[in-house]
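**Student:** Sequence:
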Amino acid sequence: MNLNPTPLNPLPLNPLPLNPLPLNPLQIDIHALAADFIANVETCNLEALAAMYAPDGIVNINAIGVDQPAAETFETLRAMHQRAESIRYEVLEVIPTESGYVQRHRLHVVVPQRGDTGPQHLVIPACLVVTLKDGLVARVDEYLDSSQIAPLFQR
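Last residue of the sequence shown: 160 in my numbering, with the numbers rising by one and none dropped.
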């Protein structure tokens, strides 16, 4: 009598880990790149920001809904900084992906006093999906509620 029966259906070993690490052939420090990118946006350092983009870099802001060359979006960024008393990004998380990273953050904007209205403090939840190519930003998809940032652009 055999006391050690052979299993009927042995389970195959899975050679892949359950949560594989994102591919990063250039060994880019994604968290450092994300921090530099958002610091340049926050300080409106357009020269440094332009250097982070691929020559054909694209930005799509869901509120506009159109792919634009990155350089064209710099005017919107400049206008935001000119109209705001202060702009600050509170980064909640940066998640490396196979093609770049996803960043969740809150955009804190102080809109200056207008007439009898005191300054407005806006806190806008947002998300960036950043695609990298050869270590440069090839595409940014930004998602935010345009109605929440509208007070910044009202006269």
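Wrong hints could be hidden among the right ones.
If you anchor each label on the Cβ, the simulated ranges turn out as follows [to be verified]: (1) Gln87 - Arg111: 15 to 23 Å; (2) Gln73 - Arg119: 47 to 55 Å; (3) Asp150 - Gly123: 43 to 51 Å; (4) Asn67 - Glu95: 16 to 24 Å; (5) Ile33 - Cys132: 35 to 43 Å; (6) Arg111 - Asp139: 24 to 32 Å; (7) Asp34 - Arg109: 17 to 25 Å; (8) Ile33 - Gln125: 33 to 41 Å; (9) Arg109 - Arg88: 20 to 28 Å; (10) Gly120 - Arg93: 23 to 31 Å; (11) Gly120 - Ala59: 12 to 20 Å; (12) Pro74 - Gly123: 17 to 25 Å; (13) Ala76 - Ala40: 19 to 27 Å.
Don't read these hints as lab results, they were simulated from the structure.
Positions of the beta carbon are idealized from the N, C-alpha and C atoms, including for glycine.
**Student:** State for each hint whether it applies.
**Tutor:** These are the hints, each one checked on the structure:
About 21 Å separates the C-beta atoms of Gln87 and Arg111, a value consistent with the hinted range of 15 to 23 Å. At about 29 Å, the beta-carbon gap between Gln73 and Arg119 misses the expected band of 47 to 55 Å. As the Cβ distance of Asp150 to Gly123 is approximately 23 Å, the hint placing it in 43 to 51 Å is violated. For Asn67 and Glu95, the hinted distance range of 16 to 24 Å is satisfied, since their beta carbons lie about 20 Å from each other.
At about 20 Å, the CB distance of Ile33 to Cys132 disagrees with the hint of 35 to 43 Å. Our hint of 24 to 32 Å for Arg111 and Asp139 holds, since their Cβ atoms are close to 31 Å apart. Taking the beta carbon of each, Asp34 and Arg109 are about 19 Å apart, inside 17 to 25 Å as hinted. In this structure, Ile33 and Gln125 meet the distance hint of 33 to 41 Å, their C-beta atoms being roughly 38 Å apart.
In this structure, Arg109 and Arg88 meet the distance hint of 20 to 28 Å, their C-beta atoms being roughly 24 Å apart. Distance hint for Gly120 and Arg93: a CB-CB separation of about 25 Å, consistent with the stated range 23 to 31 Å. Evaluation of the 12 to 20 Å hint for Gly120 and Ala59 yields a failure: the beta carbon distance comes to about 44 Å. In this structure, Pro74 and Gly123 break the distance hint of 17 to 25 Å, their C-beta atoms being roughly 38 Å apart.
Between Ala76 and Ala40 the C-beta distance comes to about 22 Å, which sits within the given range of 19 to 27 Å.
The structure fails hints 2, 3, 5, 11, 12 (numbered hints given earlier, in ascending order).
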